[in-house]
Amino acid sequence: MSLAIPNGLDNSVEQPGQRAPLVLGDTTYHDITESVCQVAERKPSTGWVIGFLISFALLQWMTVCILYLIYTGVGVWGNRAPIFWGWPIVNFVFWVGIGHAGTLISAILFLFRQEWRTSINRAAEAMTIFAVACAGTFPGIHVGRAWLAYWLAPYPSLNLWMWPQFRSPLLWDVFAVSTYGTVSLLFWYMGMVPDLATFRDRSKNKFRRMAYGILSLGWSGSSRHWMRYEKAYALLAAFAAPLVLSVHTIVSFDFAVSQVPGWHTTIFPPYFVAGAIFSGFAMVLTLMIPARKMLGLEHLITIRHLDNMCKIILATGSIVGLAYGTEFFIAWYGQVQEEQFAFMNRAFGPYWWAYWTMISCNVISPQLFWIKKFRTTPWIIVIVSIFVNIGMWFERFVIVITSLSRDYLPSAWAYFSPTWVDWSMLIGSFGLFFTLFLLFCRLMPVINMAETKSTLAKQYHMSHSDKH
Amino acid sequence: MSENNEKKVHGIVAEYESVDSLLNACRRVRDAGYKKTDAYTPFPVHGIDKALGIKPTVLPWIVLGCGLTGTITALVMQIWMNSIDYPYIISGKPYISLPAFMPVAFELTVLFSSFGAFFGMWALNGLPRFSNPLFTDPRFDRVTDDRFFLYVDASDDKYDETSVREIYEQTGGEHIKTVIDDDSSDKIPKPIFMAWGLVIAASVIPLLIVLKMRVTNSESPRFHIFYDMDFSPAKDAQQGSTLFADGRAMRPDVPGTVARGESNYDLDFMTGVQMEKLSAVDPPRAERLVRLTAGPIGPQDGTVGVTEEKEEDSAATTEPKATDTTPWLTKNPLGTSEQVLRQGQKYFGIYCSVCHGMNGGGNGLVNRRARKILSPTWIPPSSLHQDSLYSDQYPDGKLFSTISNGIRKMPGYAGQIQAKDRWAIVAYVRALQASRNASVESIPEAKRPEILEKLEIVDQQLKEQAEAEQAAQDAAKATAADSK
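The listed protein sequences correspond, in order, to chains A and B.
For what it's worth, our numbering labels the leading residue of the first sequence as 1, then goes sequentially.
For what it's worth, our numbering labels the leading residue of the second sequence as 469, then goes sequentially.
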């Protein structure tokens, strides 16, 4: 039960009539179990401990800032008239966008039978959930009196004597993001149950066995269970696919349904969705490339996986670039003075530096991926991905801040200056994200073992039948 | 076999090394007529449903039901909350505006369907199930790693241990074993049970405290976890402050501030009435006027509100009221100078001319517009060039009072024009009135030729204009006749 595929093989080369292998090396089912489980079973490396301590410290700093905010009031941010949305909403949209890659990989690529998703979907889904957790924090504390955030829920309130307003995109947003978070969590957890059972069956000490035993719900690998499980997985994928497209569409409605120049455009939903996938894949690559190296998973997350993800970045990055151009065209073509001003102001106004950072990171840098050499060189991919992440944060900055700072009332125009609390919360949200991600690497199966094994089985089946 | 007599035998299990040998064994078992069988694999093996004869699941129907429930729940919730129980009017849309309800309906459909798929799947699979006799065999741990197991249940009608063993052996099954009851306890360990109970008990306490607080009254002030803006950071009088150089929170008056009741203008100037005389004739009215003009509740310097009730009697403008015994000021306290007239002209232009016209004839832009649209409620503004408004019948003080307090449809302008500017308007109105009645003799000798010359030019222009209009009308009539 082994495959004679040399470890150094470049599986990014297309061979006519043959599918490129997605699992490299002389790998058996047991090897997959071993390589994934050792990540969680061995002692944490020094790098992990240092990374965790830094992330955890940042998370604690963010917690302190949130307490300070709640105690003092939203004036501790740089949010001033007319820019009331400020960085919290920039960060919210940034993180929600990042949270789009996981479910896209899990659901849409699953429905399109893109087998290469199997070894990256678990970590990408985890990233989705952690990114949504970061995203959910910001509107929660941005409501001003954060302890009354539950007023967003449609419950029969004896204090308010009224219901939420369901024609507002902000309320749609509450439903979209919370549904997305819930469904992603179910999808992620359900996918993990068979692998948690592997953890359970391998665990040596009683506590681990009990903990993973509870988490794996008594999974036995029964074929009847697998049949229903696969059906449920396909159904969840079928729901999650339109859901992932709907979430950023609805986030874009927060802007597009308003009258603010630069926001009031019908291009926003597709443009936001493309941008979200773009930023999500960039974040997946930023994390996966160091992780595959450090965790020793290079034969499972192969160059071909990276190559494919780079192609998606190139495609979505170009869509985003096209959207930037289209906005300018429509502003000119629409002949609305305020719209024209808003776009000229973006590119050449006081925030020109943010606009051109966005253009160079989002539109120019991914164009490197036309060249195969760049798509298959991990360190170049990491650099470009980080640029894309920076660029996508600036995209949200440009949209939120430039439009609000100069809208219809010139006497109210202002320039936005972030405070140290704004900075701390942006950096602290990365602390939250990385704390959760590093914990995930230690405690949960980082690669979907069951699915990778079935990919291997197919691969074996094919190479076996070739011989006949 | 003796040990198995005491414990219940659940079935028989065999281990296989590859998918192919497992599938082969599955087919053999199925063909032998066994129904209560199952295969255990580390990943979903395709084709095994057929090999074992597993029927398709009803899960999709459960999910469909959940999805429809989600859609209906969302629509009913939104329509009830926003259209029936608490109707909102948003952007002039109908109360039940379905397009706006779609996003939430979509989200809840997905949410409910996902719950259906997730929980439905576990329920149909009979999970979570933490005690499984198969797990008693340590070899079975490899089911989640790299081994494949086939199992036949003892409750199957055709169950026969020896023939099952035979099939297993023929198809390459290894480690064939009977599955017996798990003799270890399936109870939750006591310490965990206790800890769990304690956590639940402890989590109920805060809720109980909150509930008690909500239903009982207390004399002590409420405990503020969150301030909810209950405490204003504004400073009280006499408190100190670090914001200002003098360290005081109270600020001195801005230079030029006039406190209420301390106006420097005299009352006659503010009301247009000779107050001393009025006090003798009509003390209550004088008192009221003083209170309204200079008292602590009244406006100062005519900057806010009205100083006296609006005069409603329209007869006042046409003929002197027999009962008007008010001792009005007969002379403008500002006098007449070019500066005063220029000031009056400016304010007349701003405030009065829109209705009364630039020349005071009563045909301003507003009047013209009102007549054009045939406004039924419009009362035409008075011409200022009528005998009843001349100073002998309508004293300056009364004109001042009318500007200040309004008359008929005309609102009072005390709130918008300062008293001295109102007096300037009075002076300008008098000048306008004089312009219609001036004799040549009233013009100073030296300026007479110049003004007469200008007059002639104006007369000539007016004449030409009238002729041109007449010609235009004739031409229009002619073309109208031609087209008929």
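Hint data in this document are derived by calculation from the structure and do not stem from the laboratory.
Be a bit skeptical, because a hint or two may be false.
[As the list claims (entries may be wrong)] Capping the alpha-carbon separation at 16 Å, the derived lysine to aspartate or glutamate pairs in EDC-like fashion look like this:
#1 B:Lys745 <-> B:Asp734
#2 A:Lys458 <-> B:Asp698
#3 A:Lys206 <-> B:Asp609
#4 A:Lys204 <-> B:Asp609
#5 B:Lys888 <-> B:Asp736
#6 B:Lys799 <-> B:Asp736
#7 B:Lys645 <-> B:Asp625
#8 B:Lys658 <-> B:Glu642
#9 B:Lys888 <-> B:Asp734
#10 B:Lys503 <-> B:Asp621
#11 A:Lys231 <-> B:Glu744
#12 B:Lys503 <-> B:Asp517
#13 B:Lys518 <-> B:Asp488
#14 B:Lys645 <-> B:Asp621
#15 B:Lys626 <-> B:Asp499
#16 B:Lys523 <-> A:Glu230
#17 A:Lys458 <-> B:Asp488
#18 B:Lys799 <-> B:Asp734
Task: Violated hints - listed by number, lowest first - done: 2, 7, 8, 11
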